[in-house]
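Student: This is what each chain is made of:
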Amino acid sequence: MSFLNFDSYFSITEILVTEERIQAEFEQSLPNLGYLCASSKKDDIAPKTKLDIPLWLADALCRRGESIINWEIPKIFKDSYKEILEADACSVELCKWNQYFYELGLRLPRTTTDDNHKLAEFLLEVFKSRFRIIMDSEQNPFSTPLLRGQLSTLEKKLLVQGNSGKLQLLTWLNKGVKHIETSDVIDNIRKRKRLVV
Amino acid sequence: MDPSEVEFLGEKQLVSIVPNFSFGIIHLISGSVGPFRAGLPVKVPIWLAISLKQQQKCRIIAQEWMDIEKLNDSIEAEKRSKLFTKMPSNHFMDEAQMLLMVAPDDIPDADNIRTAVKDIWDLRMSKLRSSVIGFVKNAGTYAKLDHLTAMEINSIRSLLPDALDIMLHMEHGGKPTVLQSLNTTM
Chain A
1 MSFLNFDSYF
11 SITEILVTEE
21 RIQAEFEQSL
31 PNLGYLCASS
41 KKDDIAPKTK
51 LDIPLWLADA
61 LCRRGESIIN
71 WEIPKIFKDS
81 YKEILEADAC
91 SVELCKWNQY
101 FYELGLRLPR
111 TTTDDNHKLA
121 EFLLEVFKSR
131 FRIIMDSEQN
141 PFSTPLLRGQ
151 LSTLEKKLLV
161 QGNSGKLQLL
171 TWLNKGVKHI
181 ETSDVIDNIR
191 KRKRLVV
Chain B
1 MDPSEVEFLG
11 EKQLVSIVPN
21 FSFGIIHLIS
31 GSVGPFRAGL
41 PVKVPIWLAI
51 SLKQQQKCRI
61 IAQEWMDIEK
71 LNDSIEAEKR
81 SKLFTKMPSN
91 HFMDEAQMLL
101 MVAPDDIPDA
111 DNIRTAVKDI
121 WDLRMSKLRS
131 SVIGFVKNAG
141 TYAKLDHLTA
151 MEINSIRSLL
161 PDALDIMLHM
171 EHGGKPTVLQ
181 SLNTTM
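Respectively, the protein sequence lines represent chains A and B. All residue numbers for the first sequence refer to UniProt numbering, where the first residue is 1 and numbers rise by one. All residue numbers for the second sequence refer to UniProt numbering, where the first residue is 1 and numbers rise by one.
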């Protein structure tokens with residue numbers, strides 16, 4: 001199972017990530033869609049209107065042959081925020097910027113491949129330097145709740161998995177020789193049989 | 001993988017016992033053990049040794065490396081070397097854990113051996129942690145895992161492979177990697 005593999009229609013992560021709104025500017029007029037823009041009373045959306053639309057919509061509008069919108073990169077991926085991360089990635093509370101920081105960065109519509117590649121490279125650098133926090137707090141499975149605000153969802157998932165592994169190792173070290181437990185599947189089969197009888 | 005599963009693999013290692021009963025050869029899928037002659041040492045897998053010991057049918061002879069001086073030498077070597085040093089057994093931690101738990105009375109100096117083994121384990125674990133952090137940070141393309149024992153490799157299994165997977169994903173800019181597209185076509 002892969003943590004970042006969410007290119008599936010039913011992936012909950014994908015749905016949550018693409019819910020994020022990004023700023024877009026319409027290039028063409030859209031008849032009868034004026035209700036999307038709460039502040040205008042016109043029936044149509046005029047060209048050059050700026051609107052925050054969810055990523056899934058922006059993505060679909062970008063994919064068409066002629067571009068209907070011009071979208072702007074979210075501010076957390078802009079240079080000023082990049083500088084903060086470059087200065088010291090470990091002390092940033094990534095969770096407050098965006099729960100799905102990495103996923104969002106990778107999911108943004110592709111404009112120029114070069115730009116996207118740079119962003120992905122940048123995310124990789126951030127992840128690499130923040131990996132230390134995960135590694136350190138993995139050592140202590142009874143982790144402090146303070147840390148939870150600092151990590152993004154992806155990092156949290158990784159940490160939870162690491163912690164459970166560590167916990168298993170600790171119990172093994174304390175208990176020593178013990179019986180290997182029956183797998184859940186086998187247990188359930190027995191229960192099912194009992195139900196049938 | 002659960003540590004007890006690694007321990008299960010470690011149970012296949014051989015250990016000498018002195019049985020206090022006589023019995024013919026037992027033929028098992030993994031090989032034959034015995035014959036048992038009362039008072040004569042014989043090599044058996046650890047799982048059998050533990051079971052016989054619990055029934056008080058044998059005395060376990062400590063593994064050759066379970067010697068406080070040899071272990072202290074290993075500790076020193078481990079401290080001096082930047083890399084991992086060779087351990088006497090690929091399952092030294094689990095073997096020590098099992099044998100010392102079941103037969104502390106048969107192994108001379110059991111308490112000191114337990115402390116020494118734990119010392120080596122702690123040293124190697126901290127070495128492992130710092131090398132993993134260095135590996136991720138400097139984006140090494142490969143890691144040399146010489147002399148790492150099964151239990152140690154298993155201890156980073158819950159974190160490292162997934163972290164590397166995430167990094168690979170980011171390196172490819174979120175596009176499906178070669179491996180994944182292979183998987184889908186198969």
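Among the clues, some could well be false.
To be verified - Simulated crosslink set (PhoX-like; lysine-lysine; CA at most 25 Å straight-line):
#1 B:K82 with A:K175
#2 A:K128 with A:K82
#3 A:K82 with A:K96
#4 A:K128 with B:K144
#5 A:K166 with B:K144
#6 A:K156 with A:K96
#7 A:K128 with B:K118
#8 A:K78 with B:K137
#9 B:K57 with A:K166
To be verified - Some chain A residues close to chain B (C-beta under 10 Å, calculated; not the full set):
#10 T49
#11 L106
#12 L123
Derived by calculation from the structure, the hints in this document are not laboratory data. Using N, Cα and C, we set each Cβ at its ideal position, and we do this for glycine too.
Student: Flag every earlier hint the structure violates by its number, smallest first.
Tutor: Violated hints: 1, 7, 9, 10; rest satisfied.
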